[in-house]
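Number of protein chains: 4
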Amino acid sequence: MTLRILATGGTFDKHYDEINGKLSFGESHLPALLARCRLTVEVALEQLPLMDSLDMVDADRARILASCTAAAENAIVIIHGTDTMPQTAAVLGPAQLGKTIVLTGAMIPYEIANSDAMFNLGFASAVAQTLPAGVYVAMNGKIFAWDNVQKNKAAGVFQPL
Amino acid sequence: MTLRILATGGTFDKHYDEINGKLSFGESHLPALLARCRLTVEVALEQLPLMDSLDMVDADRARILASCTAAAENAIVIIHGTDTMPQTAAVLGPAQLGKTIVLTGAMIPYEIANSDAMFNLGFASAVAQTLPAGVYVAMNGKIFAWDNVQKNKAAGVFQPL
Amino acid sequence: MTLRILATGGTFDKHYDEINGKLSFGESHLPALLARCRLTVEVALEQLPLMDSLDMVDADRARILASCTAAAENAIVIIHGTDTMPQTAAVLGPAQLGKTIVLTGAMIPYEIANSDAMFNLGFASAVAQTLPAGVYVAMNGKIFAWDNVQKNKAAGVFQPL
Amino acid sequence: MTLRILATGGTFDKHYDEINGKLSFGESHLPALLARCRLTVEVALEQLPLMDSLDMVDADRARILASCTAAAENAIVIIHGTDTMPQTAAVLGPAQLGKTIVLTGAMIPYEIANSDAMFNLGFASAVAQTLPAGVYVAMNGKIFAWDNVQKNKAAGVFQPL
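Protein chains in written order, with the numbering used here: chain U, 1 to 161; chain X, 1 to 161; chain G, 1 to 161; chain Y, 1 to 161.
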């Protein structure tokens, strides 16, 4: 069992730029974070362009789908922005790749106090290893099928349709 | 689906006492940690006496078994010291409670830099919701059946027998 | 010796808002931060409106001056945004209040990984207790007179004129 | 102005060893910590053997004195265990080196949540630059002359004799 982790950015991986005072994307935190998790499962980390998921266009989702299709692994975790996670899931779901693909992210960036990023990464890493082939969103302790999930933006939580 | 979390101490929950300069047990970090995880799954937190798992005796393991037996939930995560996690699993496994019981912990305490505690908690929380009834150890990205796991103390990792 | 600390916001005190995904101002981090510092010196914390120092207008600086004038203490630390710290210092300096007034802040918010906030707060707290009456900027290990300091915005450092 | 920082260990620099589960000494945290502080003052970091100050013997204090004597800088911060900080100060004080020497440390290790280490380092770094030649203990916002300081071990605070 090898786990593939696709980094695509999102709140999870945002970085504070001290020169312009804004949160944006630099180096991914994933390599340091995975070391910290002391993983004994084999992991293949693949870094796609890091972006805010509100900025994703069709080509970005096509690239994620291509990476999932090309992956040798059957267990895939995608680190993704929360705002359009269901949209990307809706591109991956109908493709029926025969792999267990789990989208996750964070409400608070990994590098900011009180972040939920590590919990969600751990949570998604288990879902990818245990559930049957399919596409799922796994956030804050709950697992959703790709075609029955939405982000409640006012409350900052994921919920069924 | 409600998740029961049993806190029993272990490295995960150790606290630095600034008066005596030692790591010991005070208030559990679990309530603050669970809030940080922004859980949307319902959780019942049960705190047993917090202890180093090297100090556990039969009565301590009997108490954990009793809590699992009494629990109304079918998904249970036990926060446990790493040194004797397989021994406690070996008490719970043969009891065949018909629930999914997952032992986890941490190599570095939650309150110390670079801790793996949150990842493991997230990981175990998914295993408890997804695997069939049984007793498992879930640590650092790998899942073990209760009767096929040991801690390699020299390397600080869990592995099959 | 009592130390007065004036909170005015700035990068130091910014807070990540998980609903809108932006850094803004909420509750000040100063009460929790001061507890963490385990101060044995007496401290009077005064919270003014928290703002980005780029948004400060004359009235905001007049309010800071009024607080310094009214303070019973002779040692004052002002937590301030870095972008216009020298401008506020230039309002306080000529007032010649006969108190030791030290402006400080942070390049990285207190709640973000790798923040310099605590170091700067400690640094400024000593400058306020040790230097003669006057107005100073104290950042990242260097002390500047109020009329000989500028922020090099490209490099993100304070330096003499 | 160059600041010399002598690392000698103490609670400040303790490191959690995940294999034996104890706090001990490994690599000093000072290089990473100083980078984090974004210091613009020039710093010379000198690492002596890292130890618990309860384990210090006369030879250890003689070595600290020798480093202070040999230092080209007039401003010196010593990171030291809290338990015998006054004893080391009592070795350095009578030597009358004509330098400003400031001992500091932490009640909570730098790598543990809620540590006061960074505040104390910042505080001591300013005291070393501003006070006249002499030997001082600077902890948690208060400055003490070397011959009028003690640690109240029950309360975990420094106070005058």
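Where hints are given, some of them may not hold.
Below, a list of computed lysine-lysine pairs in the DSS-like style, where the Cα atoms sit at most 27 Å apart [what the hints assert, rightly or not]:
| hint | chain 1 | residue 1 | chain 2 | residue 2 |
| --- | --- | --- | --- | --- |
| 1 | Y | Lys22 | X | Lys153 |
| 2 | Y | Lys153 | X | Lys151 |
| 3 | X | Lys22 | Y | Lys99 |
| 4 | G | Lys22 | G | Lys153 |
| 5 | G | Lys99 | U | Lys22 |
| 6 | G | Lys99 | U | Lys153 |
| 7 | Y | Lys22 | Y | Lys153 |
Treat the hints as calculated values from the structure; they're not laboratory data.
Right, here's what the structure says about each hint:
{"no.": "1", "hint": "Y/Lys22 with X/Lys153", "verdict": "holds (14 Å)"}
{"no.": "2", "hint": "Y/Lys153 with X/Lys151", "verdict": "violated (38 Å)"}
{"no.": "3", "hint": "X/Lys22 with Y/Lys99", "verdict": "violated (35 Å)"}
{"no.": "4", "hint": "G/Lys22 with G/Lys153", "verdict": "holds (22 Å)"}
{"no.": "5", "hint": "G/Lys99 with U/Lys22", "verdict": "violated (35 Å)"}
{"no.": "6", "hint": "G/Lys99 with U/Lys153", "verdict": "violated (49 Å)"}
{"no.": "7", "hint": "Y/Lys22 with Y/Lys153", "verdict": "holds (22 Å)"}
Figure legend: structure checked against the earlier numbered hints; hints not met, in rising order: 2, 3, 5, 6.
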